[in-house]
Amino acid sequence: MEIGFFKKLIKVIVSEDKNYISDKSDEELVNLYTNDGEESAFDEIVSRYSDRIYGFAFRITRNTSDAEEVFQEVFLTLTKKLDTFRGESKFSSWLYRVTVNASYMYLRSQKKHESNISLENYVPYDDKGTLMGRIMDKDWSSRPDIVIYGKEALKIIDESINELPESYRTVFHLRDIDGLSNEEVADILEITVPAVKSRLHRARLFLRDKLSDYFHEWRR
Amino acid sequence: MFMCKDVVENIMEYIDNELDLQTLKELEKHTGDCPECMGFVNTYKRMLEITGKLKDKAFVTPEIRNRLRILLESKIKPV
Numbered sequence: 033m034e035i036g037f038f039k040k041l042i043k044v045i046v047s048e049d050k051n052y053i054s055d056k057s058d059e060e061l062v063n064l065y066t067n068d069g070e071e072s073a074f075d076e077i078v079s080r081y082s083d084r085i086y087g088f089a090f091r092i093t094r095n096t097s098d099a100e101e102v103f104q105e106v107f108l109t110l111t112k113k114l115d116t117f118r119g120e121s122k123f124s125s126w127l128y129r130v131t132v133n134a135s136y137m138y139l140r141s142q143k144k145h146e147s148n149i150s151l152e153n154y155v156p157y158d159d160k161g162t163l164m165g166r167i168m169d170k171d172w173s174s175r176p177d178i179v180i181y182g183k184e185a186l187k188i189i190d191e192s193i194n195e196l197p198e199s200y201r202t203v204f205h206l207r208d209i210d211g212l213s214n215e216e217v218a219d220i221l222e223i224t225v226p227a228v229k230s231r232l233h234r235a236r237l238f239l240r241d242k243l244s245d246y247f248h249e250w251r252r
Numbered sequence: 399m400f401m402c403k404d405v406v407e408n409i410m411e412y413i414d415n416e417l418d419l420q421t422l423k424e425l426e427k428h429t430g431d432c433p434e435c436m437g438f439v440n441t442y443k444r445m446l447e448i449t450g451k452l453k454d455k456a457f458v459t460p461e462i463r464n465r466l467r468i469l470l471e472s473k474i475k476p477v
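Those sequence lines, one after another, are chains W and Z.
Under the numbering used here, the final residue of the first sequence carries the number 252; numbering is consecutive throughout.
Under the numbering used here, the final residue of the second sequence carries the number 477; numbering is consecutive throughout.
Excised from the complex, chain W in its bound form (with noise of 0.2 Å):
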């Protein structure tokens, strides 16, 4: 009885120091919610990827509130299921193919409009594999920074971004704007590393074309 006072009294003591929890890594955060029913452990996940969730729900819902809508949906199945969670990929990993799940069953439940750009062929070479007369006279690349960071461009990248058909939206944001690898895009959507490539790759392409073409009427 006295020891497990004492544990009790640790334990009290430990989760009061802020850093017990926030240095803790993400699979020991599951550990701690699963196993011992530590909330604060949830907290923290939460806070650590509120962000990362709702960012990329509203990258592929293209609507706050739909963004919402997915973000609380999210949480409130890792509240279900973060038990299943087996460590066999990395928890983020786990969870965003939570929120790519979650986010494809609400665009299907709402019927949403998709984008029809095909972008499977898409290339800025002609059939000799040549750029001939594409480029140049857009290279932009030179222009201020003022203009090329400015708010404008920030608008168009990000317009052009819901442009891309889902599944090349989806492999850009997890790749380009979170920042993840090859390997775990592909982990997560369970496709291969040369189809996260292929996606991106034309995303890229697409992208730059768009901003060249702002930049270029910018210039008239």
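Hints in this document: simulated from the structure, not taken from any laboratory.
Fair warning: this is a prediction, and the values are worked out from it, not measured in the lab.
C-beta: ideal position from N, C-alpha, C; glycine also.
Watch out, some of these pointers could steer you wrong.
Pairs of lysine to aspartate or glutamate residues, derived as DMTMM-like cross-links and limited to a Cα-Cα distance of at most 20 Å, are as follows [claimed, not checked]:
1. W/LYS183 <-> W/GLU249
2. Z/LYS451 <-> W/ASP241
3. Z/LYS423 <-> Z/GLU447
4. Z/LYS443 <-> W/ASP245
5. Z/LYS451 <-> W/GLU184
6. Z/LYS427 <-> Z/GLU411
7. W/LYS187 <-> W/ASP210
8. W/LYS122 <-> W/ASP210
9. Z/LYS403 <-> W/GLU152
10. Z/LYS453 <-> W/ASP190
11. Z/LYS473 <-> W/GLU105
12. Z/LYS451 <-> W/ASP83
13. Z/LYS473 <-> W/GLU71
14. Z/LYS473 <-> W/ASP75
15. Z/LYS473 <-> W/GLU101
16. Z/LYS451 <-> W/ASP210
17. Z/LYS455 <-> W/GLU100
18. W/LYS229 <-> Z/GLU411
Cβ-Cβ distance ranges computed for the label pairs, FRET-style [claimed, not checked]:
19. Z/ASP414 <-> W/ASP55: 27 to 37 Å
20. W/GLY69 <-> Z/GLU461: 22 to 32 Å
21. Z/LEU446 <-> W/ASP68: 37 to 47 Å
22. W/LYS183 <-> Z/LEU422: 31 to 41 Å
23. W/GLY69 <-> Z/ILE413: 43 to 53 Å
24. Z/GLU411 <-> W/THR162: 17 to 27 Å
Away from chain Z, derived, C-beta distances all over 12 Å, residues of chain W [claimed, not checked]:
25. TYR136
26. GLN142
27. SER147
Could you slot chain Z onto chain W? The hints should help.
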């Protein structure tokens, strides 16, 4: 012979420093001789820098966070 098409199709590996030395040399030689490809590489890099800025966007407002907290409390600990 290395062509513009090869620059485009190897650009991701070029940016990530994953090209073998021979391909890297050929790509840089072609790019040095081809202003179109130089423009392509430069604008591609700039595009990545611009999209990188989107990382800094804060998404979850205190209101969204609060609504989530209320929802979770109502589901986990029903009154």
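Status of each hint after checking the structure:
1. W/LYS183 <-> W/GLU249: holds, 16 Å
2. Z/LYS451 <-> W/ASP241: Holds, at about 18 Å.
3. Z/LYS423 <-> Z/GLU447: violated, 24 Å
4. Z/LYS443 <-> W/ASP245: holds, 16 Å
5. Z/LYS451 <-> W/GLU184: holds, 13 Å
6. Z/LYS427 <-> Z/GLU411: holds, 16 Å
7. W/LYS187 <-> W/ASP210: Holds - the C-alpha atoms of W/ASP210 and W/LYS187 are around 18 Å apart, at most 20 Å.
8. W/LYS122 <-> W/ASP210: holds, 15 Å
9. Z/LYS403 <-> W/GLU152: holds, 16 Å
10. Z/LYS453 <-> W/ASP190: Distance of about 11 Å is within 20 Å: holds.
11. Z/LYS473 <-> W/GLU105: Status holds; Cα separation ~12 Å.
12. Z/LYS451 <-> W/ASP83: Roughly 15 Å separates the two Cα atoms, so the pair holds.
13. Z/LYS473 <-> W/GLU71: holds, 14 Å
14. Z/LYS473 <-> W/ASP75: holds, 15 Å
15. Z/LYS473 <-> W/GLU101: holds, 15 Å
16. Z/LYS451 <-> W/ASP210: Distance ~11 Å between Z/LYS451 and W/ASP210 Cα, so the pair holds.
17. Z/LYS455 <-> W/GLU100: holds, 16 Å
18. W/LYS229 <-> Z/GLU411: holds, 10 Å
19. Z/ASP414 <-> W/ASP55: 27 to 37 Å: Check passed, 32 Å falls within 27 to 37 Å.
20. W/GLY69 <-> Z/GLU461: 22 to 32 Å: Given range 22 to 32 Å: holds, Cβ gap about 28 Å.
21. Z/LEU446 <-> W/ASP68: 37 to 47 Å: With Cβ atoms ~43 Å apart, the hint holds.
22. W/LYS183 <-> Z/LEU422: 31 to 41 Å: Holds - the Cβ-Cβ distance for W/LYS183 and Z/LEU422, about 36 Å, lies within 31 to 41 Å.
23. W/GLY69 <-> Z/ILE413: 43 to 53 Å: Cβ of W/GLY69 to Cβ of Z/ILE413: about 46 Å, so the range 43 to 53 Å holds.
24. Z/GLU411 <-> W/THR162: 17 to 27 Å: holds, 21 Å
25. TYR136: Non-interface label stands for W/TYR136: nearest chain Z Cβ at 19 Å, farther than 12 Å.
26. GLN142: holds, 19 Å
27. SER147: Check passes; 18 Å lies beyond 12 Å.
The structure fails to meet hint 3 from the earlier list, while all remaining hints are met.
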